[in-house]
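Following the UniProt record's numbering, the numbering of the sequence shown begins with 1 at its first residue and continues without gaps.
Among these hints, one or two may not hold up.
Claimed, not checked - The calculated label-pair distances, taken between Cβ atoms and stated as ranges, are:
{"hint": "1", "residue 1": "E7", "residue 2": "D83", "range": "22 to 28 Å"}
{"hint": "2", "residue 1": "H54", "residue 2": "D130", "range": "53 to 59 Å"}
{"hint": "3", "residue 1": "G105", "residue 2": "R53", "range": "32 to 38 Å"}
{"hint": "4", "residue 1": "I25", "residue 2": "K87", "range": "23 to 29 Å"}
Claimed, not checked - Computed cross-link-like contacts, EDC-like style, restricted to lysine to aspartate or glutamate with a CA-CA straight-line distance of at most 16 Å:
{"hint": "5", "residue 1": "K15", "residue 2": "E57"}
{"hint": "6", "residue 1": "K87", "residue 2": "E61"}
{"hint": "7", "residue 1": "K43", "residue 2": "E67"}
{"hint": "8", "residue 1": "K87", "residue 2": "E113"}
To be clear, the hints were calculated from the coordinates, so they are not data collected in a lab.
The beta carbon of each residue, even a glycine, is placed where N, CA and C say it ideally should be.
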Amino acid sequence: MNLPIGELARRTGVKVPTIRFYEQIGLIAAPPRTEGNQRRYGKAEIDRLNFIRHARELGFEVDHIRELLVMSQEPQASCHQADSIAKSHLREVDRRIERLQALRGELSRMIDECGHGRICDCRIIEVLADHRQCSSEHVA
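Starting from the given sequences, assemble the full structure and let the hints guide the process.
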């Protein structure tokens, strides 16, 4: 394969600027270039970008993706570190879900307490103006 960057982007679903960014930060190696200075990519880059895209879709941070990519190059090595990274990420996802559920509860409470009358009597506006009126701590 000898793909230009646009075709690589189409095949992997990763936008051209993102591919260039991944090159800049070392997630993918800078590819060979033609005499006209165009980047050219092969199957290895397609596979690597698909791995990165899928990991990003699952919410993994770039540094963890970098570590997982290194591990993927040693198929006979223990997967303990990969398991540890995934477990840590799952704990963070659970924390986010917990915060979102609290946020949802607070928003529902504000809406339920609103009299749907005039702004001067609006419970939503009151709560937004004074955080002390919230029933739970929340950070988006």
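Hint check:
| no. | hint | result |
| --- | --- | --- |
| 1 | E7 <-> D83: 22 to 28 Å | violated (35 Å) |
| 2 | H54 <-> D130: 53 to 59 Å | violated (44 Å) |
| 3 | G105 <-> R53: 32 to 38 Å | holds (34 Å) |
| 4 | I25 <-> K87: 23 to 29 Å | holds (25 Å) |
| 5 | K15 <-> E57 | holds (14 Å) |
| 6 | K87 <-> E61 | holds (13 Å) |
| 7 | K43 <-> E67 | violated (21 Å) |
| 8 | K87 <-> E113 | violated (39 Å) |
Hint compliance for this structure: hints 1, 2, 7, 8 are not met, and every other hint is.
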